[in-house]
Amino acid sequence: MGLNRSTILAATAELSAAGLVSEEAPGDTGRRGRPSLVVRPEPGRAHVLAFDVAVDRVVAARVDLGGTIVERHEAVRPRAGADLDRVVEALTRFGRQLHRSAPAGSTCVGLGASYCGMIRPGDGMVRFGPELGWVDQAFGAELGRRLGLGRPVIVGNEAHLGAQAEQRRGAGRGLRNLVYLHGDVGVGGGIIVGGTLLDGDGGYGCEVGHMVINPYDGRPCGCGSRGCFEAEVGERALLDTAGRPADEFGRDAIRAVVDDAVRGDPRASDAVRRVGDWLGIGVANLINLFNPAMVIFGGMLRDLYPAAAATVQRRIATNVLPVARERIRLRICDLGDDATLIGAAELGFEELLSDPLATLARTGDRSLG
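For the sequence shown, the working numbering puts the final residue at 558, and the numbers step up evenly by one.
Source of the hints: derived by calculation from the structure; they are not laboratory data.
Beta carbons are placed, not taken as given, at the ideal position from N, Cα and C, and that holds for glycine.
Among the hints, erroneous ones may be present.
Distance ranges between label pairs, derived from CB positions [as the list claims (entries may be wrong)]:
| no. | residue 1 | residue 2 | range |
| --- | --- | --- | --- |
| 1 | Leu226 | Leu273 | 28 to 38 angstroms |
| 2 | Asp436 | Gln502 | 32 to 42 angstroms |
| 3 | Gly337 | Arg518 | 42 to 52 angstroms |
| 4 | Gly453 | Ala264 | 34 to 44 angstroms |
| 5 | Ser225 | Gly413 | 52 to 62 angstroms |
| 6 | Gly208 | Glu515 | 43 to 53 angstroms |
| 7 | Gln502 | Asp454 | 37 to 47 angstroms |
| 8 | Arg229 | Leu273 | 51 to 61 angstroms |
| 9 | Gly294 | Asp454 | 49 to 59 angstroms |
| 10 | Gly294 | Asp429 | 49 to 59 angstroms |
| 11 | Leu273 | Gly208 | 34 to 44 angstroms |
| 12 | Arg551 | Leu226 | 38 to 48 angstroms |
| 13 | Ala435 | Gly413 | 13 to 23 angstroms |
Kindly generate the complete structure, drawing on both the sequences and the hints.
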């Protein structure tokens, strides 16, 4: 950090006095001499409320400094079209419950939310959520208004947030270049380049789900195009190829196909192989473009990738430049289905981390309206 020892000691003392960090003796380091103390986040002094809106569920949680989820509420989200009011109503109810149950002395320092769509930076407007028809929906502003905590809800795209969470706390911890693929009904992407999220000119970058990989006879996509990455590897592609009826959908249906494939069912095995081949083509393109150290699979791709790994790896061996595939690692996400929720919590903590003492002074506990 370029700071001298006395400056670090003074800063640590201030943060410790504010209850944000604690100093602990390290374990046995195997080194001679007196070891330095380890500074860790102090749970319970500051928390955020984090919200996650997926195609088929909504989640709210209270998350302590350090990324620990201490309380959560979850509900099914019906696939019923543009449902801003229903989503905000559920999250407001959960948020109020979480706020009231927070322990005395713990301050809510921020509100962060993840949404499965294209988010306008600054005001949390969902510009486009193709799976359920959200277009220019004022999600962040409306949730903040109804919560009544006197602070804004900072909203981010789910795959962008999942990428950042996995880089900071998950499978990609410490890596400066990675690709995170989040499967839901479709596929979203978060790309970290040089330690920074690649977000694009307007904040709508990394829409890898709409990278066209099968332009001539591809499946129709919710964006209006055909042969998009998510159309060829998303939920419906796998279920249709496996011969599952239209009224079967969701993670349980995906897992059922994968389980059947592992047991040797011919049609399920063929579906996993075919969809895995398209997944491999998309991953190969991304590796050639960005030369990441790791590709991480989240959402429903956590269930699909292990069964399709051999097919994906064959595509990489065939289609990726040798120098780019020398060190590539493929992993499922460490944070599981909470990757996007933890990413939303990180949004909520940004103000505290940038100016901790001033943020605590500004965000004394406020009653809900």
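Glycine 294 and aspartate 454, beta-carbon distance inside 49 to 59 angstroms? Because 55 angstroms falls inside the window, the suggested range holds.
Does the beta carbon distance between arginine 229 and leucine 273 stay inside 51 to 61 angstroms, or does it fall outside? The hint (51 to 61 angstroms, Cβ to Cβ) is violated, given that arginine 229 and leucine 273 are roughly 40 angstroms apart.
Assuming the hint says 28 to 38 angstroms, is it satisfied by the Cβ distance from leucine 226 to leucine 273 or not? Violated - the Cβ-Cβ distance for leucine 226 and leucine 273, about 49 angstroms, lies outside 28 to 38 angstroms.
Cβ separation of glycine 294 and aspartate 429, checked against the hinted range 49 to 59 angstroms: holds (53 angstroms)
Whether the CB-CB distance between glycine 208 and glutamate 515 falls inside 43 to 53 angstroms: holds (47 angstroms)
Arginine 551 and leucine 226, beta-carbon distance inside 38 to 48 angstroms? violated (29 angstroms)
Are serine 225 and glycine 413 spaced within 52 to 62 angstroms by their CB atoms? Once the Cβ atoms are compared, 57 angstroms apart, the range 52 to 62 angstroms for glycine 413 and serine 225 holds.
Taking the beta carbons of glycine 337 and arginine 518, is their distance inside 42 to 52 angstroms? holds (45 angstroms)
Between glutamine 502 and aspartate 454, does the C-beta distance stay in 37 to 47 angstroms? Given range 37 to 47 angstroms: violated, Cβ gap about 22 angstroms.
Holds or violated: 13 to 23 angstroms for the Cβ distance of alanine 435 and glycine 413? holds (21 angstroms)
Taking the Cβ atom of glycine 453 and the Cβ atom of alanine 264, is their distance within the range 34 to 44 angstroms? holds (37 angstroms)
Taking the Cβ atom of leucine 273 and the Cβ atom of glycine 208, is their distance within the range 34 to 44 angstroms? Hint holds: Cβ distance 37 angstroms, inside 34 to 44 angstroms.
Of the hints listed earlier, those the structure fails to meet are numbers 1, 7, 8, 12, in rising order.
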